[in-house]
Amino acid sequence: GNSVTQMEGPVTLSEEAFLTINCTYTATGYPSLFWYVQYPGEGLQLLLKATKADDKGSNKGFEATYRKETTSFHLEKGSVQVSDSAVYFCALHGSGNTGKLIFGQGTTLQVKP
Amino acid sequence: KAGVTQTPRYLIKTRGQQVTLSCSPISGHRSVSWYQQTPGQGLQFLFEYFSETQRNKGNFPGRFSGRQFSNSRSEMNVSTLELGDSALYLCASSFTRGIESLYGYTFGSGTRLTVV
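Protein chains in written order, with this note's numbering: chain A, 1 to 113; chain B, 1 to 116.
The set of hints was computed from the structure by calculation and includes no laboratory data. Hints are supplied without guarantee of correctness; some may be wrong.
Sample of chain B residues facing chain A (criterion: CB under 10 Å; computed from the structure) [what the hints assert, rightly or not]:
no.: 1; residue: V4
no.: 2; residue: T7
no.: 3; residue: Q37
no.: 4; residue: Q44
no.: 5; residue: F45
no.: 6; residue: F50
no.: 7; residue: G58
no.: 8; residue: P61
no.: 9; residue: G62
no.: 10; residue: R63
no.: 11; residue: S86
no.: 12; residue: L90
no.: 13; residue: F95
no.: 14; residue: T106
Built from N, CA and C at the ideal position, the CB exists for glycine as well.
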């Protein structure tokens, strides 16, 4: 079945450091891919998405490229801020699997001043 | 534009009781999905409703049920609560064309259920 694997955290970085959070997936067909962010005590916020191979999603300085050949959707940001501290989830929506997102286990990012 | 609204934010229930959670989607969104989030199992899909019909279902026991009303608001019910049902319950709404979500899924802030 479909699945998503994220790098384990926590990830601790200094402010202005470069961020990469790895995400790989297993899926049949052509899934859509998402990154969500969750701040303490809150729900999930959509950060970015990509719906087909080679698409690049971007938002608030974060980017991720849908790589079908490596089944990956790694999240990157050139310069993190303390306010980026949160839990990041990679998710997959399989073709025809209505309303169902499959999530990775989440990666906690802590950014220190 | 109002977001996805979940009520209540917090609930404390006793084992064996039942509970009903509510979700109001973004206006115009007819698809509503429910998820359970726990530290051990992460985010797991419960079910999805569209136009008052359940279209998809995850691997949860029959104690977990849901429904959707004609205004797209949805409720989920958990009967005979167990300690392991303690979790954050999230709902998400989506604008769909057929079975495809056009713009992704927008989540509410969740209902934190504690079973004692």
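Status of the hints after comparison with the structure:
For V4/B, the shortest C-beta to C-beta distance to chain A is roughly 8 Å, which falls under 10 Å, so the interface hint holds. Annotation: interface hint on T7/B violated; nearest CB of chain A at approximately 13 Å, more than 10 Å. A cut of 10 Å between beta carbons decides the hint on Q37/B: the least distance to chain A is about 9 Å, and the hint holds. The beta carbon of Q44/B is positioned within 10 Å of a beta carbon in chain A (closest approach about 8 Å), and the interface hint is therefore held.
At about 5 Å, the closest approach between the beta carbon of F45/B and any beta carbon in chain A falls short of 10 Å, and the interface hint on this residue holds. At a threshold of 10 Å, the smallest CB-CB gap from F50/B to chain A is about 7 Å, leaving the interface hint in force. For G58/B, the suggested interface contact is upheld, since its CB lies about 7 Å from the closest CB of chain A, less than 10 Å. For P61/B, the shortest C-beta to C-beta distance to chain A is roughly 18 Å, which exceeds 10 Å, and the interface hint is violated.
Nearest Cβ of chain A to the Cβ of G62/B: about 19 Å, over the 10 Å cut. The hint is violated. At about 20 Å, the closest approach between the beta carbon of R63/B and any beta carbon in chain A exceeds 10 Å, and the interface hint on this residue is violated. With a least beta-carbon distance of about 16 Å to chain A, the hint placing S86/B at the interface is violated under the 10 Å criterion. Because the closest C-beta pair between L90/B and chain A is about 6 Å apart, less than 10 Å, the hint holds.
Here the hint on F95/B is broken, as its CB sits about 12 Å from the closest CB of chain A, past 10 Å. Look at T106/B: its Cβ gets to within about 7 Å of chain A, closer than 10 Å, so that hint holds up.
Hints 2, 8, 9, 10, 11 and 13, counting from the list given before, are not met by this structure.
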